[in-house]
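Colleague: Could you use the hints to bring the two separately framed chains together as a complex?
First to last, the sequence lines map onto chains A and B.
Per my numbering, residue 4 is the first one in the first sequence, and the count goes up by one each step.
Per my numbering, residue 514 is the first one in the second sequence, and the count goes up by one each step.
One thing to keep in mind: the hints can contain errors.
As the list claims (entries may be wrong) - Chain B is faced by these chain A residues, among others (derived, beta-carbon under 8 Å):
no., residue
1, Phe109
2, Val163
3, Arg164
Bear in mind the hints are in silico, worked out from the structure with no lab data behind them.
Cβ coordinates follow ideal geometry from the N, Cα and C atoms, glycine included.
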Amino acid sequence: MSAPQQPRARIRFERVSVEFPSKAGPLRVVDDVSYEIGEREFVSVIGPSGCGKTTMLNIVAGFMRPSSGSVLLDDRPIAGPGPDRGVIFQEYGVFPWLTVRQNIEFGLKLAASRVPPGEHEEVCRRYMQLMGLAEFADAWPRMLSGGMRQRLALARAYAVRPEFLLMDEPFGALDAQTRSAMQDLLLEVLQAEDKTVMLITHSVEEAVYLSSRIIVMTARPTRIREIIRVPFGYPREESLHEKPEFGELRSHIRELVMKEYAAQARQTLRNTD
Amino acid sequence: MPILRRIALILAPWALVVLAWYAIAYSGLINPALVPTPGQVAARFWQLLFHARLPADIWMSTQRVFLGVLLGIVFAVPVGFVLGWYRTVRGFVDPLINFFRALPPIALIPLVIVYFGVGELAKIVILFYASFFSGVIVMYEGIAQINPIYVRVARTLGASDGEIFRKVIVPLTVPHMLTALRVSLGVAWATLVASELIAAQQGLGALIQNASSFFRLDIIYVGIICIGFIALAMDLLLRAAARRLLAWQERIA
Numbered sequence: 004m005s006a007p008q009q010p011r012a013r014i015r016f017e018r019v020s021v022e023f024p025s026k027a028g029p030l031r032v033v034d035d036v037s038y039e040i041g042e043r044e045f046v047s048v049i050g051p052s053g054c055g056k057t058t059m060l061n062i063v064a065g066f067m068r069p070s071s072g073s074v075l076l077d078d079r080p081i082a083g084p085g086p087d088r089g090v091i092f093q094e095y096g097v098f099p100w101l102t103v104r105q106n107i108e109f110g111l112k113l114a115a116s117r118v119p120p121g122e123h124e125e126v127c128r129r130y131m132q133l134m135g136l137a138e139f140a141d142a143w144p145r146m147l148s149g150g151m152r153q154r155l156a157l158a159r160a161y162a163v164r165p166e167f168l169l170m171d172e173p174f175g176a177l178d179a180q181t182r183s184a185m186q187d188l189l190l191e192v193l194q195a196e197d198k199t200v201m202l203i204t205h206s207v208e209e210a211v212y213l214s215s216r217i218i219v220m221t222a223r224p225t226r227i228r229e230i231i232r233v234p235f236g237y238p239r240e241e242s243l244h245e246k247p248e249f250g251e252l253r254s255h256i257r258e259l260v261m262k263e264y265a266a267q268a269r270q271t272l273r274n275t276d
Numbered sequence: 514m515p516i517l518r519r520i521a522l523i524l525a526p527w528a529l530v531v532l533a534w535y536a537i538a539y540s541g542l543i544n545p546a547l548v549p550t551p552g553q554v555a556a557r558f559w560q561l562l563f564h565a566r567l568p569a570d571i572w573m574s575t576q577r578v579f580l581g582v583l584l585g586i587v588f589a590v591p592v593g594f595v596l597g598w599y600r601t602v603r604g605f606v607d608p609l610i611n612f613f614r615a616l617p618p619i620a621l622i623p624l625v626i627v628y629f630g631v632g633e634l635a636k637i638v639i640l641f642y643a644s645f646f647s648g649v650i651v652m653y654e655g656i657a658q659i660n661p662i663y664v665r666v667a668r669t670l671g672a673s674d675g676e677i678f679r680k681v682i683v684p685l686t687v688p689h690m691l692t693a694l695r696v697s698l699g700v701a702w703a704t705l706v707a708s709e710l711i712a713a714q715q716g717l718g719a720l721i722q723n724a725s726s727f728f729r730l731d732i733i734y735v736g737i738i739c740i741g742f743i744a745l746a747m748d749l750l751l752r753a754a755a756r757r758l759l760a761w762q763e764r765i766a
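If we strip away everything but chain B, and leave its shape as in the complex, we get (with noise of 0.2 Å):
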């Protein structure tokens, strides 16, 4: 019973969201030509999973952002674990990192395009650019903010310099590493989309882009409901990944 419960406390939210949107396309305020019910968006989603590109489109854009955010991260460990250990580095280089981070990637876009083309390295380079700098800042942030008492206790114990890092910096860098590659996933798929509305022969921003010339509001629908659960897949994979890895914490993220 508790488990049934739970289900409808999590889906009762959602359904209020369906049931606003039905009442609204049906209320006669705005022209129903401009808003399809969440029936005909569901038909239309329907149809272009198995008549069309839309998993096409969905794995193209998934790939990219997990490309993107791959690389990103890759770089933002190593250098917000030098930014956050070595605390004059950091004086130095933070105000260019902040700078950086500051722009928006889709700023970008346009001298992205004009460097790289309009083809798969031009998304790589703006999502590498996003989630770098999103994750470079949680990462060094949180490493600055390791208590130096742990470290004290591995050398009293008899921990080699190398034995502290493997034992006692990397867990405490987990938890760091799992925030910085949300917040670059969030960065990220908002980016992608951004570019892919710009230029794009495939994925959900070029789909919404498509489906926009031609007026076609249902699968514009379709596109943005999409993203939003892909999305949302990805940071719930993300928080079950941390339980498993954080069970010491107090919180979880």
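Chain A with its partners taken away, still in its complex shape (with noise of 0.2 Å):
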């Protein structure tokens, strides 16, 4: 995953405006961003809440349109959500009425699958192994814990081989120990299979941890604040924690973040009034 200086545009934001119709007349979210996310980038979109990175995600899923601009996806406008891009819900999405097992297969069974019969089999229990969850094979998801449900989340994400990873804060719910393990677990992951990644997250630890890039989002309507190149390679540990540049580097875009943070709630004040 050690990207070249120039690595392929694979997802480009073209002046992208997202308008949403609101009581006070249109409401604008996003306004007028321009980005690419380069073959096998980490990029991470941070800001403050409800300033527009989930609509972002959204629109690279294929949810949405923007309102005005464009997002390409290898330079073709995206037409809908398909299996090319895995998404990474927050709240998991694990289906409660199918065992660990048929989760994962889910995706392999469909139509749509790019992975042959013949191998599902094998792809279930390699990720199953991947993820720790080969014990629990025919659990139902009830049974398993937050971290368990994320990782089998990953798992049927992964199991489509899909081209692109879009997290929306996927280990938002989780407690610090075990969203640290997860992060190492995606590393893990993403050093064994190539992904072009773009992650939404509210924690700066996390995203100089894990990105190759980081983009600062402004308050709404959101814009870019600044992109920044993380300078540390792959594959990462635990020790860059505690490196004085790691450190450096989060402070510098913690004081940006905390700026916009101030920005969004003055404006969600002005807004009640």
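Modeller: Here it is as structure tokens:
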């Protein structure tokens, strides 16, 4: 995953704006945003809550369209959701009526599956192993902990061999230890299989630890505040957190983000007055 | 030993009811002619079971309920599905459905007799009405609560509309179908007996009605107890089905 300097752009935002209808007229959420995510890059998008980060991810996922501008996937417009883009939601979305194994098999058995039937069992076994779910193959999701459900969601997304991984605050609901373990697991899995990743997060620490680039967004209507290249190579280890360069980068981004949070909070106050 | 204990615990409240019944019958507080003892009722039940038409009455009532509920649910499931899934349709149709559901089916019996007579058709119509409206509401309220995230996840995994329906919506609908079925069965039994009381040659309601004309209190009790036990048996069967079908759920209905 050590990205070359000028990777081929795979996701391209071109002057993207998004407006939602509201009682007070159209509410502009995303304002003229342009950026690219290159082949095998890990790009985190960070900014105040409610600023429109999730909206941008939903456009790439194919759930909605921009009001103006365009989002291109390999230079083509996005027609809708598809198995080439694995999406990991904060609430996991694990299917409660299917066992762990059946959840992973779900995408494999669809008509659109690109995995030949002969390989289903092998794929299933591999990801259960990788995500530490092998012993729970026949368990119902209700029996799993939050971290395990998140791993199952990841295994299910991985099984259909997406080229992109779109993650919307995937670890937000986990406790600190589980979260850190999940981050390492994610890096490990990405080390084994290259993906192009877009991660929406609130956590500066997480963004710096995982990403090759970080996009800091402003308060609503959101614009790009700054795009920061993270100078650490992969693989990364826990000890990275202790490095002075890591600390400096973290403080810099944290400062940027805090200002935007404050701006967003002022805005929210104004709106509720 | 735990099994014996369980059985004892299940039987205890029943035994208590029977004891209380004996106590009232022998207390002298009420004219003994008005309160047959459990023993007398049991003996009458036995006699009716082998020497009269009780089995035919039970069969008749059960058959009517099955047919009515079956028809009601067959229509309630697709209608409830559409109403639950399409919020705009629901907004318009909801008041109408609630209007019809609020009408006690028993109140419609006179009209049904006018239009459909007193035969089997009339019974099926009234039971269909009762089970459809009670079932459809349970169905669409359940469907409306389905978390849309499952549909989104399925789409990102590459599911087509047809696959989403078959592999996501249908399994999520099953619990609501079973609840609708249980609610409908309950309402249907109540309605059936009322309609048989008013006009029927056969069935448990008719049995009770005939007995009351001849002041045969023991037979009335037999009829009532049969109704209770049949409803209980149906509910137990449905619960057993739910346990098998809904093993994935946290709580079992």
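Colleague: Checking against the hints above, which ones are violated?
Modeller: Those not satisfied come down to hint 3.
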